[in-house]
Structure formats: C-alpha cells, structure tokens
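Enquirer: Two independent chains are provided; combine them into the complex using the hints.
Going down the list, the sequences are from chains A and B.
Its first residue numbered 1, the first sequence is counted upward by one per residue in the working numbering.
Its first residue numbered 1, the second sequence is counted upward by one per residue in the working numbering.
Any given hint might turn out to be false.
[What the hints assert, rightly or not] Taking lysine-lysine and the DSS-like style, the derived pairs with C-alpha atoms no more than 30 Å apart in a straight line are:
no.	chain 1	residue 1	chain 2	residue 2
1	A	K252	B	K43
2	B	K126	A	K347
3	B	K126	B	K154
4	A	K313	B	K229
5	B	K229	B	K152
6	B	K114	A	K320
7	A	K270	B	K152
8	B	K229	A	K290
9	B	K46	B	K126
10	B	K126	A	K252
11	B	K154	A	K252
12	A	K290	A	K328
13	B	K114	A	K328
14	A	K353	B	K229
15	B	K81	B	K114
16	A	K353	A	K328
17	A	K270	B	K114
18	A	K231	B	K114
19	B	K152	A	K347
20	A	K352	B	K229
21	A	K353	B	K226
22	A	K290	B	K46
Calculated from the structure, these hints are not laboratory results.
Values in this document were obtained by computation on a predicted structure and should not be read as measured data.
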Amino acid sequence: MALFGSAAAGAIGYIYWQTNVLLARQLEQTIEAETRGLAEQYRAGGISNLTKTVSNRSLTPGNSLYLVTDNEGRRITGNLTSVSKILWNSVGRVEFVYKRPSQNGPEDRLALASVFRLPGGFRLIVGRDIEDRRVFQRVVRSAFFIGLGFMALVGLGGGWLVSRGLLARIDAVTATGRTIMEGDLTGRVPVNGSGDELDRLSINLNAMLDRIEQLMAGMQEVSDNIAHDLKTPLNRLRNRAEAALHEHGDAKSYRDALERTIEEADGLIKTFNALLSIARLEAGTAGKAKNEIDAGALIQDFVELYEPTAEDKNMSLTAKVADDVHLKGDRQLIGQALANLIDNAIKYGGSKKGGKIEVTAGDTGQTVEFSVSDTGPGIPEKDRERVLKRFVRLEESRSRPGSGLGLSLVAAVARLYGGSVRVEDNKPGLRMVLSLPHKTNHNGVSRTQ
Amino acid sequence: MTIQAQISANHLVQDMSATGLHSESMRVLIIEDDSETAAFLAKALKEAGHVPDHAADGEAGLALAESQVHDVLIVDRMLPKRDGLSVISQLRENGIQTPALILSALGEVDDRVKGLRAGGDDYLTKPYSFSELLARIEALARRTSPEEAVTKYKVDDLELDRLTHKVTRSGQQILLQPREFRLLEYLMKHAGQVVTRTMLLEHVWDYHFDPQTNVIDVHISRLRAKIDKEFDKPLLHTVRGVGYSIRADGA
Numbered sequence: 001m002a003l004f005g006s007a008a009a010g011a012i013g014y015i016y017w018q019t020n021v022l023l024a025r026q027l028e029q030t031i032e033a034e035t036r037g038l039a040e041q042y043r044a045g046g047i048s049n050l051t052k053t054v055s056n057r058s059l060t061p062g063n064s065l066y067l068v069t070d071n072e073g074r075r076i077t078g079n080l081t082s083v084s085k086i087l088w089n090s091v092g093r094v095e096f097v098y099k100r101p102s103q104n105g106p107e108d109r110l111a112l113a114s115v116f117r118l119p120g121g122f123r124l125i126v127g128r129d130i131e132d133r134r135v136f137q138r139v140v141r142s143a144f145f146i147g148l149g150f151m152a153l154v155g156l157g158g159g160w161l162v163s164r165g166l167l168a169r170i171d172a173v174t175a176t177g178r179t180i181m182e183g184d185l186t187g188r189v190p191v192n193g194s195g196d197e198l199d200r201l202s203i204n205l206n207a208m209l210d211r212i213e214q215l216m217a218g219m220q221e222v223s224d225n226i227a228h229d230l231k232t233p234l235n236r237l238r239n240r241a242e243a244a245l246h247e248h249g250d251a252k253s254y255r256d257a258l259e260r261t262i263e264e265a266d267g268l269i270k271t272f273n274a275l276l277s278i279a280r281l282e283a284g285t286a287g288k289a290k291n292e293i294d295a296g297a298l299i300q301d302f303v304e305l306y307e308p309t310a311e312d313k314n315m316s317l318t319a320k321v322a323d324d325v326h327l328k329g330d331r332q333l334i335g336q337a338l339a340n341l342i343d344n345a346i347k348y349g350g351s352k353k354g355g356k357i358e359v360t361a362g363d364t365g366q367t368v369e370f371s372v373s374d375t376g377p378g379i380p381e382k383d384r385e386r387v388l389k390r391f392v393r394l395e396e397s398r399s400r401p402g403s404g405l406g407l408s409l410v411a412a413v414a415r416l417y418g419g420s421v422r423v424e425d426n427k428p429g430l431r432m433v434l435s436l437p438h439k440t441n442h443n444g445v446s447r448t449q
Numbered sequence: 001m002t003i004q005a006q007i008s009a010n011h012l013v014q015d016m017s018a019t020g021l022h023s024e025s026m027r028v029l030i031i032e033d034d035s036e037t038a039a040f041l042a043k044a045l046k047e048a049g050h051v052p053d054h055a056a057d058g059e060a061g062l063a064l065a066e067s068q069v070h071d072v073l074i075v076d077r078m079l080p081k082r083d084g085l086s087v088i089s090q091l092r093e094n095g096i097q098t099p100a101l102i103l104s105a106l107g108e109v110d111d112r113v114k115g116l117r118a119g120g121d122d123y124l125t126k127p128y129s130f131s132e133l134l135a136r137i138e139a140l141a142r143r144t145s146p147e148e149a150v151t152k153y154k155v156d157d158l159e160l161d162r163l164t165h166k167v168t169r170s171g172q173q174i175l176l177q178p179r180e181f182r183l184l185e186y187l188m189k190h191a192g193q194v195v196t197r198t199m200l201l202e203h204v205w206d207y208h209f210d211p212q213t214n215v216i217d218v219h220i221s222r223l224r225a226k227i228d229k230e231f232d233k234p235l236l237h238t239v240r241g242v243g244y245s246i247r248a249d250g251a
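Bound conformation, chain B alone (with noise of 0.2 Å):
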C-alpha cells in the first residue's frame, strides 16, 4: 500500500483509506545462527511479500547490515562470533539506524531493558509466533517515519485528531474514554497492518507480560461498538489467531 502524506498548511495528514494491499515490500536482514530457523523466516517472509537477506553469524550480519540498506532487521541475542546485542550497538554507534527486533529466549523484563538500552527497538521472546513477528517489524518499518509530524490520522471517513483528541466518523464525533482513545490513535497510527494483543499491550498499557485472559479483546469490542456500530461499513477487523488491523477494505 502507498502511504500518502497529504501536506497541508500546518499539519500533515496520514492517509490510510487509499488502496487495498496491507503493506509495502520490505527488505529485510535476518541475522540468526539457527539455519532451519533462518531458512523458515526467509520463506515466510517471502510468502508476505517481503525480500529476506540472511547472515549467520554476528560478524557477517553487521558486514551486511552496513553495506546494504534495510527496512528492519530481525538479530538474534545469541549469535556466534559476535553477540546480537554488541551488533545493534555497533551499528548505532556508526550511525546506522535501521530498526532492529531482537529475539531472545530470555524473556525477562531485565532483559527486555537491556534489549532496548543496546539500541534495539522491539524485543521478542522464543518461542514466538510468525504473525506476531511480522506484525511487529511491519509496525517497525513504519516507525521509521518520522512521527511527531503527524498530527491527524484518516481511515476512510474516521479521523483522530492528535491535538484535539477529537475523533470523528463521516464528520460525526465520537466520544472516547481516554484509553480508548489511545487504542484507537496506535491501530490508527498502524492503519493496513496487524496488531497483535500483546503490542497493544504493552504500547496502550505499558505493560510486558501475558494476561492470561484476553482482557484487549473486551476493550476492541467496546472500541467497535463505537466506531463500527452505526455505520455501514466496518473498518476494525479482526485478524483470526494474530490480533486487529484497521483498515478501509472489508477483506
């Protein structure tokens, strides 16, 4: 999908409703010692319409990750020759700042901070899903983008305000609790791709573990009941087994 950044006099406006497909090719630098590991995500990848680079080892993947640009790079903690997290802080020492996810099968919060202090900017723990793991560098990807400027989202006929914090659908407003609010501006701010219930987690709650039940899911109804309810045409959908996206198309 294209993104079009719609410059007006004093704000830009981030226009989600124009075409169908969720998100454009990335390309993306794999960096995991485990081959069949690497050969799985590769065709995955592939398959969502991504062009997957690899290196095995620590060394390599920071030889590459120098020499050829990238959208997101996916590093594995531990690596032969040269740690993961010794990789990101390299490249961010020479100033590259291609966002990094680093896999790791510590998953504690300790580790996690540790994680994001060597420069990394998302953190998932083994065992993971796919449909997490592309959710999660797909929203990467777009973070790139620079989003302090954005000030208003648009999907279709719903808008947020940023500023005002005044949401409207075909011009009607929409009242929204205040995390309401901040749910709907993060799968806004993520329009055409998938968020999964643990993103939204921790990015709407600030919180990094499992809560056992799918308390997000009561939370997206409520949301639903007020932005799809009186209006014809949904656009909070349900990703079966990965989570929401917020999109125009009905698909």
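If we strip away everything but chain A, and leave its shape as in the complex, we get (with noise of 0.2 Å):
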C-alpha cells in the first residue's frame, strides 16, 4: 500500500515537474525571441524606431508585455501602464505582479520581465503574463494532492477491507482447528467455492481431516473388533488350558490339550497379523515397493498354486489375461489381495456338483482389472458393501474356517493404491474386482481435486 502510494506520487510529481521546466523553458525561448526582434529594431533605428516598434506590437492581443520609459520612468509607450519601484530597479530577469482591465475591473496578474537599460536613460522591459501559468500551476498540485489524498483512502480503505475478509477466513480455519483439538473430528473449514488460494488450502485442509477421521474411525473400528473377535477365541483358548489343568488327565489328554491350545493360538496370531496389515495399510506405512508387476504371470502363479486345491473340490480354476497387462505396486501385496479373492472363491464359490472359477486381468485405459468369478451362490445385493469391511461373515459361511479379514484386506490394498474392489452378480455366482490405477499412487489420496 505504501509502495503503491510512493510510487504513484512519485510518478505524478515527476509529471508535475517535467511540465514545469517545459513551461518555464517555452517562457525563456519566447522573452528571448521578443528581445532578440526588438534588440535588431533598435540597433536599425534607435529609439524611435523601437518605440515604434513596441506601440505596434502591444496594440495585438497576448500575454506579451511591453513597456519602454525614459529616464525618469515614465512611460513613453508599451500595454504595461505602471512601472513598480522593484522593477524598475532591477536589471534581468524579474518577476512582478501587474494589474490588467477586465470585466470585472483591474486585476492583479503575475508576470516575468527582463529589464534593459538603454543609452539615455531609456528602460526596456519585455515581459510575459504567467499568471495562466501559476493557474494552472496550482491546479496541477491541488489535482495532486486531492489524487493522493483519495488514492490514499482508496487504498487504505480497500486494504483495510480485504484483510478483513482474509482475517475472517483464516479465523475461520484457526476455529475449526480448534473444534478438532477438543475432539470433534467432524469440524471442516468453510470453503466459498471461489477457488483461490485460500480457498484451496481450506479444500486441501479438509480433505486431510477426510483422511484423518477415516483413519480415527479405522482406528475404533480395529479396537471394538480386537475387542469382540480376538477376545472370545483367547477366552476359549484360556478355558481350554484351565479344564486340562483341572482334569487330572494322562499324559495323552494333557498332549491333546496343549495341541489344541497352540492351534488357537496359531489362529489367534493369523488374526492378528492379518488385523495388523489391515491398519498398516490403512495408515499408509505399508507397501512402498514399486515393483513393474506382469498382471498375466502373477493371476498365473495364483491360479498354479490355487489350482490343485480347487480340484479337490472339484472345481476348475483357469486363467485369462489379455497381452502385455502391466502396472507397478507391491508385488507381494497385490498378490496377497489376489490370493484372497481366489481362496474365498474356492471356499464358498462352490456348490455341491463343484464350480467354474475363472481369474482375469484386463487393461481398461486408466486401470488394471483384475476379477474372480465363480458360480456359486453369490452373495444378495444387499450384503455386497458389508462383506468387505473387517471381520463380516455372512451368516451362511460362519460355520466354515475364516477370519472374515480376506476381503477386507483386498479392500485395504485396493485403498492405498487409489483403487477399488468391485463386488459384483456374475449371473449365476459371484464376481470380484479388484481395479488398481497403472501407477499405484501410495496412500491412496488422490492428488488431483
């Protein structure tokens, strides 16, 4: 604002001054042209020849000032009619205040004269009027000052304006910190939609408090379920050691109780472990490797290790790839989430005559698709978003051996690459699919808003 205002005056005084010397310059030239012209009258004629001279020119109207006086200043001939002592005291260049008829009677008008002195006691003074001149002089400087002065304002006022606005927004931000430091994680700032710079820092912040919450809620979801689902096979895997502490057993049933005991515990620790690569996942600390991943040999390797298992139960497992299927990520997580889709195919895929499971990667231009189709039963439309959150097993398959952690892991996997699990009706059966960008984006935020 300071600088603004500087450089504006500046500009307008440096306008203001330029325009000054040019006028005064102009002034000089004419004076001098007038004397030079009358200088030539007088060398040709004398002073008769000069009066002469002076009495014609002053009968034209203009801002030129004539006067020639003898030696005791009166005045012989010329538009000036009085002679102050000042002026007729000096020598060269003067400047004076003069009084000229108008409508409105004598006035006083400013002008600048250089004075002569002739041989004989004769005075020549050629002036010109410059109160035009001081005019416009005044106009120009209280034009400057009135301009400063209201650009000033202006200025100080639009400023004062606009920080206002800003402060607010940025209140704005410092009150929703606030909400979530006392632990409302659902406070967002405002966003006015105007899309400038605050703006978009306020979008950005709030998609960070987006991430944030939905890792909190991730974080809650972990604990409630560590609570329900961990707790009740340590409570059997504790009961069981108890009853064979108190059972007075033989050697054998003490065996086949520490058997038991350290099956639970094994499945107690697959839990946890695939529990803990969930969060990881979630959290964004997992899966950093980049590896260039050939879509074809990796759904090959899966359906070569599965292939034998789906046999047993009478089910077939094939591939399908479409050529030259490449994207990056962890090879090993992607596999695992593969793995996932294909085991749960092959434990509830079935039905009692066996089943058809087929695996695909496909290319669609921005994703690599990959999908488990079987033709199983299927899972109704209204189950399709339960089953990939944590630890949801459908009623029909409680029975059967499973942490109900698969899908939600191929879910987690799909959300730290910027992907998404698809669950879908294969007509008849069940269809998966895992759809992953070419170049996995780690974290899964998505940078483009």
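Expert: Laid out in structure tokens, this is it:
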C-alpha cells in the first residue's frame, strides 16, 4: 500500500516537475525571441524605431508585455501601464505583479520580464504574463494532493476490507482447528467456492481432515473388533487350558489339550497379523515397494498355486489374460489380495457339483482390473457393501473356517493404491473385481482435487 | 547326519540316503535381550542337539560373533546398545559371513527387505513357532556349502538332476510339472531337515504372506503321489504341525 502510494506520488510529481520545466523553458524562449527582435529594431533605428515597434506589438492581444520608459521612468509606449519600484531598479529577469483591466475591474496578475537599460536613460521591459501558468500550476498541485489523498483513502479502505475478509477466513480455519483439538473430528473449514488460494488451502485441509477422520474411525473399528473377535478365541484358549489343568488326565490328554491350545494360538496370531496388515495399509505405512508387475504372470502364479486345492473341491480354476497387462506396485501385497480373492472363491464359490472359477486381468486404459468369478451362490445385493468390512462374515459362512478379514485386506490394498473393489453378480455366482491404477499412487489419497 | 559329497568327474552328488539323524550339531549364537525368550531358545536348541551361546545386547553379540566360530546367528532386531541390523551389517563389513536369522516384531515386506539388505539371510516375524525357527536355522546352516557346485541330489533311490531337470526313482523316470520340480528340488536340497509350509511358499513361489488355506499341502500330496505312491518305501514325510521332510528313514 505504502509502496503503491509512493510510486503514484513519485509519478505524478515527476510529471508536474517536467511540465513546469517545459513551460519555464518555453517562456524563456518566447521572451528571448521578443528581446532579440526588439534589439534588432533598436540597432536599426534607434529609440524611435524601438518605440514604434513596441507600440505596434502592444496592440496585438496576447500575453506579451512591453514597456519603454524615459530616464525618469515615465511610460513612452507599451501595454504595461505602471512600473513598480522594484521593477524599475532591477536589471535582468524579474517576476512582478501588474494590474490588467478586465470585466470585473483591474486584476492582479503575475508576470515575468527582462529589464534592459538603454543609452540615454531609456528602459525597455519585455515580459510575459504568467498568471495562467501560475493558475495551471496551482490546479496541477491541488489535483496532485487531492488525487494522492483520494488514492490513499481508497487504498487504505480497500486494504482494510480485503484483510478483514482474509482474517475472518483465517479465523475460521483457526476455529476449525480448535474444534478438532477439542476432539470433534467432524469440524471442517468453510469453503466459499471462489477457487482462490485460501479456498484451495481450505479444500486441501478438509481432504486431510477427511483422511484423519477415516483413519481414526478405522482405529476405533480395529479396537472394537479386537475387543470382540479376539477376546472370544482368547477366552476359549484360556478355558481349554484351565479345563486341562483341572481334569487330572493322562499324558495323552494333556498333550491333546496343549496341541489344541497351540492351534488356537496360531489362529489368533493369524487374525492378529491380518488385522495389523490392514491397519498398516490403511495408515499408508506399508506397501512402498514399486515392482513392475506383469499381471498375466501374477495371476498364472496364483492359479497354479490354488489349482490343486480347487481341483480337490471338484472346481476348475482357469486364468484368462489379455496380452501385456502391466502395473506398478508391491507384488507381495497385490499378490496377497489376489490370493485372498481366489481363496474366497474356492471356499464359498462352489456348489455340491463343484464349480468354475475364472481369474482374469485386463487393461481398461486408466486401470488394471483383476477379476475372480465363480459360479456359486453369490452374495445378495444388500450384503455386497458389507462383505468388504472387517470381520463381517455372512451367516452361511460362519460355520466354516476363516477370519472374516480376507476381503477387507483386499479392500485395504485397493484403497492404498487409489483403486477400488467391486462386488458384482456373475449370473450365476459372484464376481469380485479389484481395480488398480496403472501407476499406483501410494497412500491412496488422490492428489488431483 | 553326515553329508557325503561324492566328487565324480564333472559333478558333485549330495547323498542324503546315508544315515538316520536329521542334522549335525550346530553352534548357535542367540543375540536376544529378553532373558526368558533367550533361555527358552537355548533350552529348546539344546534339546534339538545343538550348542547355544547367548548375548544379551548388540555390542556383546557383535563381540561374541567376531571372536568365536558359530554355524548360525539368531539376531533379535531390537536390541540394547546396538540394534540387530547394525550388528549384522558390521559383521558383514568385517568379513564374517556366518548365516543370520533376524527375529522381528515388524513383519511387513518393507521390513523384511531392509533386514535382508543389511546382510541377514532369513527373517522371521514374532510370534513364531520354535519348529519354524529350528527348520529355518538348520536350512541356513546348510546353505553355507556352495550350492552351485551341487548339480544332483540323491535321497535313497530318488534322484534329481538340476541340469537336465530329470527325476528318477529306482531308475524309473518321473515326470513332474515345473513347479513340482522346484518343490522337490527345494525339499531335496534340505533333505533330512524339516521344511515348513511358509519356507516352501517363500522359496518355491516367492511369496511372503500367509495363504490362509494350506494350499501347499495339496501340492505336496500331488508330488507325493508321483514320487512315493508306486514305491514301497515312502520318502516324503509329513512332520505334524511343522511341515515336511524328505528322507530315507521311515521315522
């Protein structure tokens, strides 16, 4: 603001000064030209010739002023009526005030003149009225100050308005921060939709807050789940050990009890590991490896790994891959997601007669899509969203082994890479689609808003 | 058991058929700060016929590993004074190549990669079962013999040629799928030792996660059908609760 003000003042001041210099020079030149002309007349015809010329020139209207006086200062000719003492006594360039008749009577006007002393006591005064110039200067000067004042006023006022709006918006951010610090994670920074820097900052802050809230909710869910689904088997394990201790059995029954205890502990460890992996995926701390993955080779690997298991259940497991499908990501993680999908299809996707499982990988342009389709009972529409959540096991599968974490791990891998999992109808059967972007964007947060 | 390397003109044959016992006695250095864990490991290793040594922090572990000869090191990742990874990388810098198994509570792929990059030879996530640990250190100690030199494995009358990819039993050729071949190759490389399911998944399939279902079992039973079914003496044994072992004795 101050910078802008001084720049403007400087610019106007310079223009004013330059104009003054120009006008002053013009004035000099005019007076000099007049003087030169009169000097020629004087040289040519003496004082009489000079007075004649002055008389003539005095008749032409304009801003030129002339006066020729005798040695006592009496006016001989010229359009100046009276001569002040100062003017009379000075020689050379002098500024003075003279009276000029006008409609409203004689008025005081400012003039600039050169005074020459001629032989014989004569004096020649050649001058020019500069009252107009003075008025012009005054106008410019007042315009300069008024303009500057106005500008300062508008600038200060505008600045105040703008900063008041800005501060109000920053205050809103602070208030949101305080809300969140107090433990209410639903607080969000207001966004006014203008798309300016502050708005973009607000949008990003909100995206960050969404992510934090999501993580917190995840943590909450994990601890709830641990409480619920880990305590049950822990309790079972404890009961079994306690019962064995009280039973006074033989060595064999102790051994059996211990073996079952270890089995139960192993199951717990598996569940615990799966939960940790999911939590780490959701926190974005896992899966930083960037392997170049050949999708075809990857699904061939898993079809080959699971094929005997499927065959044991009288199911066929086949792979179908479009040529040259590649993506970048953690081979172990994406492999595990794929393994979980195939594992699920084998566990739940068969019927009494067996079934068909097809694993495919394809490129949709933006994403690489892995799909695992079975011909089993499928999942009713209402449950499709739910199966991706932790520990969710549909009624039909509760009796079978499994932790209920397989699909949530798949969902967590998809989220980590900014992809998605779709639960679809294979008509008949279930079709699970894992869709991952070509260049997996670690952390799962889309950077394009 | 003794490994008899029969050196013939062009290749070495590792003969596993010789005698009974699983593995020769090993000197194992346990670098672990939790005294209870260390005591448990030492006791269990002794019972398995090995000679355990113990150091309770990183500096002591480094000193012991440098001053005495061990067959294998068990190194906890988080140790007082000097962390496990730094102990291993310092040893490697000093030219000591004793195979090292890292024990860690951190089990993600990234952590594993870090551990192996520091010079560790294998990585086991806590909590682990002792049988898994034992199987792995026995496999590690075996690895010190340069494996490139061995081109043929032999267990009893079962033979596997790593160059021609030919498998025979009693001179009769057995046709295997490529993956079955690699499975058998890994089992025979560690003949007489117990190999766990996770070790198989890691080395034969190169995946480091828990496959939920025991997919490996089905592969083993297929392999078993090919190499054992038509013969009187079974060679591929299931070690209950642990894994598998290929060996000549029936035990």
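Enquirer: Checking against the hints above, which ones are violated?
Expert: 3, 6, 7, 8, 11, 16, 18, 19 and 22
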